[in-house]
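Sequence lines, in order, name chains A and B.
Plus 518 on top of the position in the first sequence (first one is 1) and you've got this note's numbering.
Plus 617 on top of the position in the second sequence (first one is 1) and you've got this note's numbering.
Please keep in mind that the hints were generated in silico from the structure rather than gathered at the bench.
Nothing here was measured: the structure is a model prediction, and the numbers come from that model.
Hints may be right or wrong, so weigh each one.
[To be verified] With beta-carbon atoms standing in for the labels, derived distance ranges:
#, chain 1, residue 1, chain 2, residue 2, range
1, A, 571, B, 708, 20 to 30 angstroms
2, B, 699, A, 559, 23 to 33 angstroms
3, B, 674, A, 555, 38 to 48 angstroms
4, A, 649, B, 672, 35 to 45 angstroms
5, B, 742, A, 592, 22 to 32 angstroms
6, A, 634, B, 732, 22 to 32 angstroms
7, A, 579, B, 637, 18 to 28 angstroms
8, B, 724, A, 575, 20 to 30 angstroms
9, B, 741, A, 606, 24 to 34 angstroms
For glycine and all other residues, C-beta sits at the position ideal for the given N, C-alpha and C.
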Amino acid sequence: MVHRKFLIGILFCVVLSLVSACQPIVAQPAQAIATTAANKEFVLRYFAALNKDKSAATVDAYMTDEVLKGHINFFEAVFPGYQLKAEEMIAEGDQVFVRTTFTGTHKGNLGDIAPTNKPVTFSIALTYRIENGKIVDHWMLADQLTMMQQIGVIPVD
Amino acid sequence: MTTAESRAFIQRYAEALSGKAKPAALVNQYVADSDEALKQHIADGEAAFPRYEMIGEDLIVDGDKVVLRFSWRGTHQGNFMGIPATGRKINVPGIIIYRLAADENHETKIVEHWMQIDSMALMQQLGVSA
């Protein structure tokens with residue numbers, strides 16, 4: 519009896535050590551999923567926060583990307599209180615792509631175009647790189663053509 | 618569709634089409650009938666910018682969805698959106714989301730897409746005044 523329990527004990531330890539050795543291989547996909555899920559949730563919280571206010575304090579809480587801060591301030595001056603909606607998100611590693619809808623009203627000068635008070639709704643393709651809970655880098659492509667057509671600067675053909 | 622399978626498919630697709638002639642028979646190997654719009658889009662692009670390139674700049678893969686950020690390069694040698702051939706070279710940033718699925722023969726195909734290109738840059742490069 520003692521021998522059998524001893525052997526079972528040894529077998530248990532062997533199996534446990536094999537399982538622990540496998541742990542890093544099994545854990546990687548789970549960690550990757552956890553990161554991308556967290557990043558997607560971050561984007562939703564970020565959009566919700568900036569849709570409420572775009573003060574420096576709020577913006578600074580979500581990013582260290584100075585160029586992005588500049589973009590936000592620029593769009594806010596032209597379309598005060600503009601709203602962003604995440605239509606679709608695709609994430610991998612530390613990047614999140616967001617297919618975004620921008621809605622706003624043209625109330626500020628856009629270059630030499632005086633405010634028209636026209637409403638605009640257009641797509642922006644946005645990719646964020648998120649590190650330590652903040653946006654550190656981004657890439658953006660806005661459907662400027664649609665925006666200009668809605669303001670009335672470019673004719674719709 | 619695993620992330621690895623999607624990544625491999627998109628790399629094969631880009632290799633097969635970028636900088637090469639894009640006849641329908643070739644395109645049909647990669648694009649399903651459900652995405653007729655993409656087939657038409659490629660045909661229109663090929664007619665206007667023969668053997669145009671899609672230079673991959675960044676790729677994000679998430680299961681059956683792929684986001685490809687690219688530079689679209691070509692020479693304007695055919696009518697494009699009513700603009701007759703100018704002979705000008707274009708180099709325009711863009712981004713495409715592809716959704717992939719296995720067809721009835723278990724072959725991976727693009728079944729849906731969404732695209733944004735820098736149309737302001739395109740118009741400038743083709744010499745069209747805004």
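Hints and how they fare:
In this structure the supplied range 20 to 30 angstroms is violated for residue 571(A) paired with residue 708(B), their Cβ-Cβ distance being about 39 angstroms. Here the CB-CB span from residue 699(B) to residue 559(A) is close to 45 angstroms, at odds with the stated 23 to 33 angstroms. Distance hint for residue 674(B) and residue 555(A): a CB-CB separation of about 26 angstroms, inconsistent with the stated range 38 to 48 angstroms. Look at residue 649(A) against residue 672(B): about 27 angstroms separates their beta carbons, and that is not inside 35 to 45 angstroms.
Checked against the given bound of 22 to 32 angstroms, the beta carbons of residue 742(B) and residue 592(A), roughly 24 angstroms apart, stay inside it. Distance hint check for residue 634(A) and residue 732(B): the Cβ-Cβ separation is about 28 angstroms, which falls inside the suggested range of 22 to 32 angstroms. One distance hint, 18 to 28 angstroms for the beta-carbon pair residue 579(A) and residue 637(B), is violated here, with the actual separation near 48 angstroms. Here the CB-CB span from residue 724(B) to residue 575(A) is close to 53 angstroms, at odds with the stated 20 to 30 angstroms.
For the hinted restraint 24 to 34 angstroms between residue 741(B) and residue 606(A), the CB-CB distance of approximately 29 angstroms keeps it satisfied.
Hint violations for this structure: numbers 1, 2, 3, 4, 7, 8, all remaining hints satisfied.
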